[in-house]
Each structure stands twice: as C-alpha cells, then as structure tokens.
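Just need the whole structure built from these sequences, with the hints factored in.
There are 2 protein chains.
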Amino acid sequence: MLRLGFDIGGMSIRACLLDDQNMRIVAQKAEPFPIGQGEDALISQLKRMADDISLPLGLSPEMHRSVGVGIPGTVHRATGVLLSACNLHLNGMPIVQRMRKCFPNAHVAVANDADVAALAEYYAGAFRGYDSGLLITIGTGIGSGMIVNGRLFDGGKGLGSELGHITLQQDGPMCACGNQGCAEALCSATWLERQGRHCVLDYPMSRIATLAQGKPENVRAKDVVTAARDGDGVARQIFEEYVKNLSSLISTCCYMMSPRIIGLGGGVSNAGDFLIAPLTERVKRRARLYVPEKIVAASLGDAAGMIGAAMLPDMEQRENLQDRCG
Amino acid sequence: MLRLGFDIGGMSIRACLLDDQNMRIVAQKAEPFPIGQGEDALISQLKRMADDISLPLGLSPEMHRSVGVGIPGTVHRATGVLLSACNLHLNGMPIVQRMRKCFPNAHVAVANDADVAALAEYYAGAFRGYDSGLLITIGTGIGSGMIVNGRLFDGGKGLGSELGHITLQQDGPMCACGNQGCAEALCSATWLERQGRHCVLDYPMSRIATLAQGKPENVRAKDVVTAARDGDGVARQIFEEYVKNLSSLISTCCYMMSPRIIGLGGGVSNAGDFLIAPLTERVKRRARLYVPEKIVAASLGDAAGMIGAAMLPDMEQRENLQDRCG
Numbered sequence: 004m005l006r007l008g009f010d011i012g013g014m015s016i017r018a019c020l021l022d023d024q025n026m027r028i029v030a031q032k033a034e035p036f037p038i039g040q041g042e043d044a045l046i047s048q049l050k051r052m053a054d055d056i057s058l059p060l061g062l063s064p065e066m067h068r069s070v071g072v073g074i075p076g077t078v079h080r081a082t083g084v085l086l087s088a089c090n091l092h093l094n095g096m097p098i099v100q101r102m103r104k105c106f107p108n109a110h111v112a113v114a115n116d117a118d119v120a121a122l123a124e125y126y127a128g129a130f131r132g133y134d135s136g137l138l139i140t141i142g143t144g145i146g147s148g149m150i151v152n153g154r155l156f157d158g159g160k161g162l163g164s165e166l167g168h169i170t171l172q173q174d175g176p177m178c179a180c181g182n183q184g185c186a187e188a189l190c191s192a193t194w195l196e197r198q199g200r201h202c203v204l205d206y207p208m209s210r211i212a213t214l215a216q217g218k219p220e221n222v223r224a225k226d227v228v229t230a231a232r233d234g235d236g237v238a239r240q241i242f243e244e245y246v247k248n249l250s251s252l253i254s255t256c257c258y259m260m261s262p263r264i265i266g267l268g269g270g271v272s273n274a275g276d277f278l279i280a281p282l283t284e285r286v287k288r289r290a291r292l293y294v295p296e297k298i299v300a301a302s303l304g305d306a307a308g309m310i311g312a313a314m315l316p317d318m319e320q321r322e323n324l325q326d327r328c329g
Numbered sequence: 004m005l006r007l008g009f010d011i012g013g014m015s016i017r018a019c020l021l022d023d024q025n026m027r028i029v030a031q032k033a034e035p036f037p038i039g040q041g042e043d044a045l046i047s048q049l050k051r052m053a054d055d056i057s058l059p060l061g062l063s064p065e066m067h068r069s070v071g072v073g074i075p076g077t078v079h080r081a082t083g084v085l086l087s088a089c090n091l092h093l094n095g096m097p098i099v100q101r102m103r104k105c106f107p108n109a110h111v112a113v114a115n116d117a118d119v120a121a122l123a124e125y126y127a128g129a130f131r132g133y134d135s136g137l138l139i140t141i142g143t144g145i146g147s148g149m150i151v152n153g154r155l156f157d158g159g160k161g162l163g164s165e166l167g168h169i170t171l172q173q174d175g176p177m178c179a180c181g182n183q184g185c186a187e188a189l190c191s192a193t194w195l196e197r198q199g200r201h202c203v204l205d206y207p208m209s210r211i212a213t214l215a216q217g218k219p220e221n222v223r224a225k226d227v228v229t230a231a232r233d234g235d236g237v238a239r240q241i242f243e244e245y246v247k248n249l250s251s252l253i254s255t256c257c258y259m260m261s262p263r264i265i266g267l268g269g270g271v272s273n274a275g276d277f278l279i280a281p282l283t284e285r286v287k288r289r290a291r292l293y294v295p296e297k298i299v300a301a302s303l304g305d306a307a308g309m310i311g312a313a314m315l316p317d318m319e320q321r322e323n324l325q326d327r328c329g
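Heads up: the sequence lines are chains A and B, in that order.
The opening position of the first sequence corresponds to residue 4 in our numbering, with each subsequent residue numbered one higher.
The opening position of the second sequence corresponds to residue 4 in our numbering, with each subsequent residue numbered one higher.
Simulated from the structure, these hints should not be mistaken for lab results.
For glycine and all other residues, C-beta sits at the position ideal for the given N, C-alpha and C.
Watch out, some of these pointers could steer you wrong.
[What the hints assert, rightly or not] Each computed DSS-like pair below joins lysine-lysine, with the alpha-carbon atoms no more than 27 Å apart:
{"#": "1", "chain 1": "B", "residue 1": "Lys-287", "chain 2": "A", "residue 2": "Lys-160"}
{"#": "2", "chain 1": "A", "residue 1": "Lys-160", "chain 2": "B", "residue 2": "Lys-297"}
{"#": "3", "chain 1": "A", "residue 1": "Lys-247", "chain 2": "B", "residue 2": "Lys-160"}
{"#": "4", "chain 1": "B", "residue 1": "Lys-104", "chain 2": "B", "residue 2": "Lys-50"}
{"#": "5", "chain 1": "B", "residue 1": "Lys-225", "chain 2": "B", "residue 2": "Lys-287"}
{"#": "6", "chain 1": "A", "residue 1": "Lys-160", "chain 2": "B", "residue 2": "Lys-160"}
{"#": "7", "chain 1": "B", "residue 1": "Lys-50", "chain 2": "B", "residue 2": "Lys-32"}
{"#": "8", "chain 1": "A", "residue 1": "Lys-247", "chain 2": "B", "residue 2": "Lys-247"}
{"#": "9", "chain 1": "B", "residue 1": "Lys-160", "chain 2": "A", "residue 2": "Lys-297"}
{"#": "10", "chain 1": "A", "residue 1": "Lys-297", "chain 2": "A", "residue 2": "Lys-247"}
{"#": "11", "chain 1": "A", "residue 1": "Lys-160", "chain 2": "B", "residue 2": "Lys-247"}
{"#": "12", "chain 1": "B", "residue 1": "Lys-160", "chain 2": "A", "residue 2": "Lys-287"}
{"#": "13", "chain 1": "A", "residue 1": "Lys-287", "chain 2": "A", "residue 2": "Lys-297"}
{"#": "14", "chain 1": "A", "residue 1": "Lys-247", "chain 2": "A", "residue 2": "Lys-225"}
[Stated by the list, open to error] Some chain B residues flagged as far from chain A (calculated, every beta-carbon gap over 12 Å):
{"#": "15", "residue": "Gly-39"}
{"#": "16", "residue": "Gly-181"}
{"#": "17", "residue": "Glu-196"}
{"#": "18", "residue": "Gly-275"}
[Claimed, not checked] Among the chain A residues that face chain B by a calculated CB cut under 7 Å, a handful are:
{"#": "19", "residue": "Gly-158"}
{"#": "20", "residue": "Gly-159"}
{"#": "21", "residue": "Glu-165"}
{"#": "22", "residue": "His-168"}
{"#": "23", "residue": "Thr-170"}
{"#": "24", "residue": "Leu-171"}
{"#": "25", "residue": "Gln-172"}
{"#": "26", "residue": "Met-177"}
{"#": "27", "residue": "Ser-261"}
As structure tokens, this is what we get:
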C-alpha cells in the first residue's frame, strides 16, 4: 500500500508517499512551514502537498487509505489532538479530525515527531529485529520515542515520554522551561555550543576558537566534537562532560524502561563511535542489569520523520487489534 | 477463588490466602526468612507455610490453582527467574520452576515486591478506578511498581523499573550501588535519618536531638518529620530539601511514564498531607502536562505485598490473553 506521511517541523514540512512493502519513498516534497498563519493555512498546505505528490501517481484524496502526521509537540494520540506545540503556535488543535475531512477514506493518525522517528527505526531502520527500542533525538532540544513490546509507548496519560525535562542535576543549569538541571539543559546540542562559545572567549588559542575563527557566535556543536577528536585539551574536557551528562540520561531511561536498543538521532550522533564507545562504557557501569544490548546512531536521518509518520496508522491498527482482545 | 500469595522479605516471609471475590485475606501467617540457608530451605518453608494456612481449610497442595510470589530483587517475569536479590543471597534462582513442583496444578508467578504491591493497590487499594498508576515505596531503599493500561509495566527487557538508581543529582551523594546522586541516595528514609543524625551532632538543642535523646544513632526518619511538623527550623530545612528531592524523582517519572495516579508507600508516607501537599505543589510546577491527577499515600500498608502476590497470576492471565491476540 502507498501510505502518506507528513513530517511537520518549525522550519519546514515534508511529505512523502511510502510503499509499505519495501519501505521505499516513491514520491516526496518539502516546503516551508506557514509560520503564524494558523490552522486553516496549515491544513490547506498539507492537502495541496499531498495532491502534488499523489495526483501524478493517479491517487486522488479519496483514494488514500493511510495518512500519518508527525509534529513537534505534545500529542494525545488516542484523540488525535495536538495539546501543545509552542514553537508552531498550534495549541489544542484537533489535527486528526481536521485531516479526516481532507482524506475521508483514510485512517488518519498523529503523533509526536520523535515518536514517529522511533517508529521509522522500528519498521525500517536501526531497531529492526528488536521488540523494544528508545530513540533519543538530540538537537536544540531533546526528543524521544519508545517502542515497548512492539508498540509505541504512550505512558499512562497517553502523552508519550518527554525525556528533555527529566531532572539530571537538581541544582544544575537553568532550562528554557524554567526548571533547573533538565536533560535538555545538559544533553542538547545547545549545551555543547554554549560550552564551545565560552571556550572561544576563555581560550582564544584553543582548537575550538580556531574552527570558529575566533567568533563565539560561529561555534556549532560539531566544532566541539571535531576539536575534541583532534586532541584539543579543553574540547576533550567539554566532550567528556557531555558524555557523562548523556550517560546519566540514558542510564535513567534504562532503569525506567530497559529498552533492548537505544538509538541516537540528530547532528550529535554523527560523532559515531567517538561518542558511542565511551558512552556505552559509562552506561554499562551505571545501568548494570538494565543496560541495553546496543547503543547505536539512528540510521534513517532526516527521512525518519516522514517514514515513521507514514507507518503510524499501521501501528495504530496493530495496537487496536491487541486492545480489542484485552 | 482462593489465591495463595507470598511476600518474601529480607527479615520475614508472609503468606496468605486471598478471596479474589472481595479481596479479603481469609488466612495468613508470618515467619522469619531462612537467612543464608539456600534455595532448598526457602522452598520447603514456603510449602510448609502454605500447608499451614491451606490444610485447615481443606486445601491440599494439588488443589491450589493460583500461587504468586513477591520478592525484593530483579525478576525476569516471563521466565520466572530471580536474576538478582543480593540481600537474600539468591541470585539466578528459577523460582517459578521450583514452586511449580510444589503446586503442580497452579499458575505460579513471581515478580518484584514493589511490582506486586502496585498490583495490590490496583486491585484492592488506592489505584482502583485508574488504568495507570505508579507506586513508589520508600524505606531503606526505593522500590517501584507501575501499571500502564491495566497491565504491570515490565519495560523492554522485561525487568520492570528500578527507580532507586536513576540519577537525580549527577554530582550528588554516593549511593550504596557505587554511583553518585541516585534517587535512593536522596529520597530514601535513610537520607532523612542521615540528615537527622548530622543535626543531632551539629544542633544539640534542636527538636530532633531532643526526640533522639541526644543520641544520633536513635534518630529515625519519622523523628525528622515530627520535628519539622513541630516547627523546628533545622528539621523544616531538612524536610523541605527532602520534598525537593522526592519531587525531582516524581517529576522525572511523570515525564517518562505519565501515570494518572502516584502512590507513596513505606513509613515516610505516614507523614500524610504534611508531605503530600507541598510535594504535589512542586510536582505540578515541574511536570506540567505530565502531572498526575493525584499523589496519595498507598492504602494497603504491610498487607500490599501478600495481596498483590496473590493477584499476580490473574494479571498474567489477562496479559497473556492480550498478547495472544496481538
């Protein structure tokens, strides 16, 4: 079946048609997100983008059977309501209900963007062959999606998990959310960047300063990683602290959820074994019996959101089947 | 049906027969745990205790249909193996397999002691009417059991959760496990006692010192709570820090699992509203959308272990039913 998937982000919207037999994308399109234009503009744009990739293949809106949406925010999946998506100014939007009007014959489903990315890894990426896996996406913030027993984990209230705001250091640095020592304040790419910027000011001869041409505002997370890999002392210290922070986050997840595999997504995961080897070592020491079999880089990159969104209705049908029997 | 339940602890073993129609205990017995005497002695004792409460009711071992065991350790529920129970010196014991020989016609099941206590609250206590709930038991250590969607949450690797060793303060006090800043090192009754003991030494005129008759070794967690309730300044400070620590633990659980209700067990929960009101306030501020509907004291006290153990086979039958359909 050809499944329609949307990956909505603060900067852009990506749409694809996915062939669920081989997990190949047969058509796709990306456009800027209609910032500040409200719900109606968003729905119109999604419908138009769907037509743009579907009509050339002979698929009219009525012919779609499966439409999935991933979106950066807190989603109540059972009711299809986007409870909160501050960056998109779309709080309380009944997104599934609105999309159903555009695709009257489709199973429409919506979930958090990191949740659908975890689904993509489960169906078509690094989690294949595992019945449980946790994806942690590391960027400006921290996102997460978890598969347990072959199902997307929604938690008790049906909101999924929000790893970014668990406490790792009670008296730690302020988080954008107003609390202290959240995972996001200690494990995001933003943390690496901030440390790198301090480094440019404090150590103008350091490798990070060279890479940033002496300008703090030029520093990116990857510069800190590159400098650490090059053997720069200050950069190594920052990177080691980052590994420690991230290992605390991962160990906490292991003690709570014990996923069999953990995938890291986002730019930081490009550091590969330079990050994953020392991280795995620390998690092994800390999480003991709860250690995952593997920590890996997520394998689907930017396409994960679209692919996972496209497969979301399939997951929901499997879940409903189980629930009806219970 | 009369269900047999065992609550195995480091000090004692409790056995009961539970009438699952009204959740009443119709017979019970407690004996000391056979410390250091090995698996065979334990199994013999469990069998004898079962006979002691069953035979007077005309129930021979072959007539039991449901036998459940709760035990303080890491249990792989699907295989019925006790992976690790350091305090009992029983690592790697195939406890379900051994119990089946004693009760050949019973569904035998084993789980962690806090998991079965959570089950008890779900079937017969504070969690009735909720499809998700997290029980946190606070004593020398921290235990936890979680119900999600009416099922006992086992996590990806099937080991349940181990909240005691999640990280709350990366650079915090040492935990008995060898790591720093674990929940157990910051939220256990032991933490309250330790602070209380320092207080006796540092402030010999404080209310805690009076309650402990000036001897640090006399301080119990409840003395700190009593002194704080009496308005003692130092005790209040300790208690407020405790509330902060516990609120970090609970908020982290909310962001990961979003239980609809949270129950606190163990002696500390006797503080009632004096603890639960400020705790709820802090959790509301920190966990936002993920806040539980209620934080309450667990309602079954010492009997929770036996009752939950007795109901464990019923839960497993419901779970198997769901899984077979999936």
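Hints and how they fare:
no.	hint	result
1	Lys-287(B) <-> Lys-160(A)	holds (15 Å)
2	Lys-160(A) <-> Lys-297(B)	holds (12 Å)
3	Lys-247(A) <-> Lys-160(B)	holds (24 Å)
4	Lys-104(B) <-> Lys-50(B)	holds (10 Å)
5	Lys-225(B) <-> Lys-287(B)	holds (25 Å)
6	Lys-160(A) <-> Lys-160(B)	holds (22 Å)
7	Lys-50(B) <-> Lys-32(B)	holds (12 Å)
8	Lys-247(A) <-> Lys-247(B)	holds (23 Å)
9	Lys-160(B) <-> Lys-297(A)	holds (12 Å)
10	Lys-297(A) <-> Lys-247(A)	holds (18 Å)
11	Lys-160(A) <-> Lys-247(B)	holds (24 Å)
12	Lys-160(B) <-> Lys-287(A)	holds (15 Å)
13	Lys-287(A) <-> Lys-297(A)	holds (10 Å)
14	Lys-247(A) <-> Lys-225(A)	holds (17 Å)
15	Gly-39	holds (23 Å)
16	Gly-181	violated (8 Å)
17	Glu-196	holds (20 Å)
18	Gly-275	holds (24 Å)
19	Gly-158	holds (4 Å)
20	Gly-159	holds (3 Å)
21	Glu-165	holds (5 Å)
22	His-168	holds (5 Å)
23	Thr-170	holds (4 Å)
24	Leu-171	holds (6 Å)
25	Gln-172	holds (5 Å)
26	Met-177	violated (13 Å)
27	Ser-261	holds (4 Å)
Checked against the numbered hints listed earlier, the structure breaks hints 16, 26; every other hint is satisfied.
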